[in-house]
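K.L.:
Below are the chains, spelled out letter by letter.
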Amino acid sequence: MSLYKQDKRQVCESCFDYIFIEMVHYFNDIDNSTDKEKELKSSKLEQMGYLTGQSLAERLTGDRSRFTDNLDVIKFVCKDFWSTIFKKQVDNLKTNHKGTYVLTDNNFKWFSKMSSNSGQEDFKKEVLPYLSFPCGIIRGVLSNLGINCTVLADVNPPNQCIFQIKTVKS
Amino acid sequence: MSLTAINTLTKISCVAVIGKMNNPMFIKNYSNEVDELKFHYLANISCDLIEAKITQSKYNDSYLGLLYIMEDLAVYGYLTNTKIKIIIILTISINPVKDMEMKQIFKKVHAVYSNLISNPFYDPDSRNITSSSFIKGIDNIVNTSFQNDVTPS
Amino acid sequence: MIYNFYLFNRHCNCIYYANWQNEKDDENLNTKNNDMKWEEEAKLVYGVVYSLRNLCRKLSSVNGVPEKSEKDDDKIDEDRGFLSYKTNSYKLHYYETASGLKFVVCSDPRTPNLQDMLHQIYRDIYVEYVVKNPLYHSDNDYINNTLFKNKLHEFIKSQSK
Chain X
1 MSLYKQDKRQ VCESCFDYIF IEMVHYFNDI DNSTDKEKEL KSSKLEQMGY
51 LTGQSLAERL TGDRSRFTDN LDVIKFVCKD FWSTIFKKQV DNLKTNHKGT
101 YVLTDNNFKW FSKMSSNSGQ EDFKKEVLPY LSFPCGIIRG VLSNLGINCT
151 VLADVNPPNQ CIFQIKTVKS
Chain C
1 MSLTAINTLT KISCVAVIGK MNNPMFIKNY SNEVDELKFH YLANISCDLI
51 EAKITQSKYN DSYLGLLYIM EDLAVYGYLT NTKIKIIIIL TISINPVKDM
101 EMKQIFKKVH AVYSNLISNP FYDPDSRNIT SSSFIKGIDN IVNTSFQNDV
151 TPS
Chain G
1 MIYNFYLFNR HCNCIYYANW QNEKDDENLN TKNNDMKWEE EAKLVYGVVY
51 SLRNLCRKLS SVNGVPEKSE KDDDKIDEDR GFLSYKTNSY KLHYYETASG
101 LKFVVCSDPR TPNLQDMLHQ IYRDIYVEYV VKNPLYHSDN DYINNTLFKN
151 KLHEFIKSQS K
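Chains as they are written, first to last, in UniProt numbering: chain X, 1 to 170; chain C, 1 to 153; chain G, 1 to 161.
Read the hints as simulated data drawn from the structure, not as lab findings.
It cannot be assumed that every hint is accurate.
Some chain X residues near chain C, calculated using beta-carbon distances under 7 Å [claimed, not checked]:
id, residue
1, ALA57
2, GLU58
3, ARG59
4, GLY62
5, SER65
6, ARG66
7, SER143
8, ASN144
9, LEU145
10, ASN148
BS3-like mimics (lysine-lysine), calculated; alpha carbons at most 27 Å apart, straight line [to be verified]:
id, chain 1, residue 1, chain 2, residue 2
11, G, LYS91, X, LYS124
12, X, LYS79, C, LYS20
13, C, LYS20, X, LYS75
14, X, LYS75, C, LYS38
15, X, LYS169, C, LYS108
Don't be surprised by glycine CBs; every beta carbon is placed ideally from N, CA and C.
Assemble the whole structure, with the sequences as input and the hints as a guide.
P.N.:
Right under this line is the structure:
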């Protein structure tokens with residue numbers, strides 16, 4: 001996926017797939033003895049996603065008109081942003097109108113190749129570290145567009161991902 | 001009554017990029033006559049004017065147009081979706097400035113800024129933008145704008 | 001009609017085995033080898049395939065260099081070594097990748113060359129669902145992967161028609 005509109009250079013998608021896998025392996029394999037260290041690792045991944053999300057927000061919203069309110073921003077994330085990054089739109093968006101939004105993606109692209117024979121609970125545990133980076137990206141995009149929030153993710157095997165966004169009143 | 005020299009060429013005198021907290025990230029003076037401090041002061045006023053303009057009218061476009069004119073300087077503003085304000089101050093001449101042209105200049109500056117943000121070596125917490133490619137990009141835009149002005153003979 | 005499928009990695013271990021013989025009543029094949037466990041069968045197959053491949057290499061090289069036919073550049077028939085062998089009851093096809101993976105398929109004797117099919121299995125099923133699966137860590141493990149299994153099954157079924 002290329003975001004360089006001027007040059008039209010393109011990068012093979014597999015490159016990103018492999019780097020993403022190794023990224024998570026790197027953070028998960030080095031000395032994950034205590035739970036505290038594990039949390040530190042996942043927060044580092046999330047921080048990387050956060051910075052990426054901020055740059056993406058700048059580049060992807062450059063051509064559009066200004067957003068009117070928070071719901072407009074969330075809709076942008078669900079449609080344009082999701083299509084650019086994950087090649088499809090979010091399948092379901094729910095909100096309680098009090099600052100919480102739930103995004104459901106029924107076929108999360110980055111997980112489409114993941115599979116194992118272990119049971120559902122084990123699968124969930126194995127897949128969860130791979131969600132820190134996307135959560136960070138979403139948080140980065142929203143924060144750069146003016147919405148401070150926390151993002152939590154959950155996965156329903158095989159491919160369904162649910163992202164819960166809770167806005168923080170500043 | 002003294003005759004002031006009629007300026008026949010519009011040119012960009014200053015480009016300023018203001019961050020989300022109204023912190024000046026980048027201010028560069030391209031004119032030889034005006035003092036830099038004056039531009040800082042003008043950029044500051046522009047922030048207030050931009051905020052007033054947004055709240056007053058339901059303006060959806062990023063380009064905010066002409067904010068105000070002071071002596072021979074015209075101040076134009078642009079607000080991105082990420083709440084970054086770009087201010088361009090022109091030394092005006094008798095040639096009218098078209099909105100489309102200003103919009104294009106702002107889009108180019110925004111593109112240079114997006115490139116800066118995407119640079120992994122850019123520190124978002126730094127107070128000033130010191131990246132040489134960013135400065136070169138802005139210089140390039142300033143040098144190539146308003147080339148087509150006609151000087152009356 | 002594809003009978004079974006073996007996948008060996010470069011450490012000579014069988015990392016995947018699949019069998020479609022029982023789906024169709026074929027008495028010639030079912031009777032003899034059912035009592036042998038699949039791991040032993042895989043080792044035997046590997047031995048046969050390894051020896052045949054080395055034999056072909058030694059026979060087809062000239063002064064130690066694999067022989068290439070002197071045709072136009074676009075039509076160079078690369079010496080790809082051992083491809084398949086046929087007996088009265090089955091035909092075995094072999095495909096080896098540059099990374100040392102060996103794909104072996106046994107089919108009925110009338111099937112034509114299955115090199116392209118094996119290449120497709122490698123490219124579209126193995127690379128996509130095994131290499132790109134972050135949960136498959138070491139390349140010495142047996143492939144315990146429902147997606148891979150299902151995709152391979154679907155693909156073979158579609159080819160057998």
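K.L.:
The structure should be examined with respect to each hint, and the outcome stated for every one.
P.N.:
Quick rundown of the hints versus the structure:
1. ALA57: holds, 6 Å
2. GLU58: With a closest approach of 5 Å, the X:GLU58 hint holds.
3. ARG59: Nearest chain C Cβ about 5 Å off; hint holds.
4. GLY62: Given a least distance of 5 Å, the restraint on X:GLY62 holds.
5. SER65: holds, 4 Å
6. ARG66: holds, 5 Å
7. SER143: violated, 10 Å
8. ASN144: Check passed: Cβ of X:ASN144 comes within 5 Å of chain C, closer than 7 Å.
9. LEU145: This hint holds: X:LEU145 lies near chain C, its Cβ roughly 6 Å from the closest one there, short of 7 Å.
10. ASN148: violated, 12 Å
11. G:LYS91 <-> X:LYS124: violated, 42 Å
12. X:LYS79 <-> C:LYS20: holds, 25 Å
13. C:LYS20 <-> X:LYS75: Holds, at roughly 22 Å.
14. X:LYS75 <-> C:LYS38: violated, 42 Å
15. X:LYS169 <-> C:LYS108: violated, 34 Å
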